[in-house]
Amino acid sequence: MTFLADVATLARKDLRLELRARDTLPAMLLFVVSTLVVFRFALPEGADDVAAQGADDVAAQGLLWVALVFTALLGLARAWAPEREGGALEGLVLAPTDRSAIWLGKSAAVFIFLCALDAVALPAFALFFAPVNLSTVAGVLLANLGICAIGTLLAAMAAASRTRELILPLLFLPLAIPLVVGGVGASVSAEPARFLAFLGLYDGVFAILCWASFEYVVSE
Amino acid sequence: MSTSSLNRSGFGSPVPLLAVLASGLVGIALALVFFVAPEDADQGLSQKIFYFHVPIALTAYACFGWGAFKALLLLWRKEERYDLESYVAVHQGTIFGALTLATGSIWAKASWGHWWLWSENQLVLFLVLFLFYSAYFMLRFSIEEGPRRANISAVYALFGIALVPVSFLAIRLAENVIHPTVFTREGPQMTGTMFFTFCVAWVAISALAYALYRLELLGKRLDSNLRELREALSS
Numbered sequence: 170m171t172f173l174a175d176v177a178t179l180a181r182k183d184l185r186l187e188l189r190a191r192d193t194l195p196a197m198l199l200f201v202v203s204t205l206v207v208f209r210f211a212l213p214e215g216a217d218d219v220a221a222q223g224a225d226d227v228a229a230q231g232l233l234w235v236a237l238v239f240t241a242l243l244g245l246a247r248a249w250a251p252e253r254e255g256g257a258l259e260g261l262v263l264a265p266t267d268r269s270a271i272w273l274g275k276s277a278a279v280f281i282f283l284c285a286l287d288a289v290a291l292p293a294f295a296l297f298f299a300p301v302n303l304s305t306v307a308g309v310l311l312a313n314l315g316i317c318a319i320g321t322l323l324a325a326m327a328a329a330s331r332t333r334e335l336i337l338p339l340l341f342l343p344l345a346i347p348l349v350v351g352g353v354g355a356s357v358s359a360e361p362a363r364f365l366a367f368l369g370l371y372d373g374v375f376a377i378l379c380w381a382s383f384e385y386v387v388s389e
Numbered sequence: 078m079s080t081s082s083l084n085r086s087g088f089g090s091p092v093p094l095l096a097v098l099a100s101g102l103v104g105i106a107l108a109l110v111f112f113v114a115p116e117d118a119d120q121g122l123s124q125k126i127f128y129f130h131v132p133i134a135l136t137a138y139a140c141f142g143w144g145a146f147k148a149l150l151l152l153w154r155k156e157e158r159y160d161l162e163s164y165v166a167v168h169q170g171t172i173f174g175a176l177t178l179a180t181g182s183i184w185a186k187a188s189w190g191h192w193w194l195w196s197e198n199q200l201v202l203f204l205v206l207f208l209f210y211s212a213y214f215m216l217r218f219s220i221e222e223g224p225r226r227a228n229i230s231a232v233y234a235l236f237g238i239a240l241v242p243v244s245f246l247a248i249r250l251a252e253n254v255i256h257p258t259v260f261t262r263e264g265p266q267m268t269g270t271m272f273f274t275f276c277v278a279w280v281a282i283s284a285l286a287y288a289l290y291r292l293e294l295l296g297k298r299l300d301s302n303l304r305e306l307r308e309a310l311s312s
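For the protein sequence lines, the chains are A and B, in the order given. If you're matching positions, the first sequence starts at 170 in this note's numbering and goes up one per residue. If you're matching positions, the second sequence starts at 78 in this note's numbering and goes up one per residue.
Since the hints were made in silico from the structure, they are not lab data. Because the structure is a prediction, the values reported are computed rather than measured. There could be a bad hint or two in this list.
What the hints assert, rightly or not - Taking beta-carbon pairs under 10 Å as the criterion, some of the chain B residues facing chain A (in silico):
| id | residue |
| --- | --- |
| 1 | F209 |
| 2 | G223 |
| 3 | F236 |
| 4 | A247 |
| 5 | A251 |
Just so you know, even glycine gets a beta-carbon here, dropped at the ideal spot from N, CA and C.
Given these sequences and hints, build the entire structure.
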């Protein structure tokens, strides 16, 4: 049980930092709303005619996923910033706990950030573009799990490199393609169960892989 | 410098032999493809690229798998040499992956009249993998050399091998399947000569990949030995 207690302590530390400094989440919220507004103007002229035919939902759902993935990327780039700036990662690695607890705690914090992001992004999307159905919400939650698991690990890799902000999207986007496939499928398909199951599979596979390999990313 | 490290730096290495063997096999495969294998009834001459496209793709998978295997060994046994071996395998895999994209694109143009088709699942998968492994090099070259870089590269290479089936499933889910399936559960849908030619081509490409792998490994090791010598002389 000490493992879970450590994880909870680490996640609480990140949330408290964010509550006090407020330097990541407000930026993410503003970014996702701005992105959605940009999409409105990026849609070709005549999108309103398409809207009249009711086909807009299908095209617009893709935009939602693009906005979510890129905003998550924005948050992930800052995920290890407090540790890096304070030089605290070495301390955490030396702490008498399993190193995967560091990953799990950070992932839990990122997951909560992503849920807060969705609480703004989904209503904004419904307001601007198209109504959001239940399977989209389920897809977003499942995708959040995958994004926080993979993203936290990749952000730790990127933090070790010289070009951190530059390299994280390159590492993350190829791995995020299956998430987008699953998410968009869950949003627009007539039978979303298959896509939700796929998202669950993705989360499971990569969560186990990240859990097992995080130790090697932070230690020498 | 001891004799063993001299050996490892190239003297008495099997690379020349491998190179001769690989080029001989590729020559035989070329001869078989163009002079022995019958022309495809449907697609005519353009089908011949199949004998290179598919073996190159399979070889690329094998290289990625080999790189991931060496990465696993590195994390497990912590021996430095696995880092270079994993890197070289991934490097060869990326080269063969790029060749797969090129040959697949040419085949798509000849058969369907388009250079790129999103309905080509295998081709899309290779594009995703190509992007993924290109990022591997960006990551590797932006981290200071040392055990940390070796570990991070290894973990990333392992992710690649998990990404292959997951992406494949994703792309299948995203698209309807219209790729011509040459291999089915009933066995290959080819005549005996065609199948034989395909097998020879596959062996030839694999031998070529292995020869290139050993050659690059040799070059990289010579490089690092030379650097060590230079440092030893200057100090």
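Evaluated hints:
no. : hint : verdict
1   : F209 : 4 Å, holds
2   : G223 : 7 Å, holds
3   : F236 : 7 Å, holds
4   : A247 : 4 Å, holds
5   : A251 : 5 Å, holds
Violation of the numbered hints given earlier is absent; every hint is satisfied by the structure.
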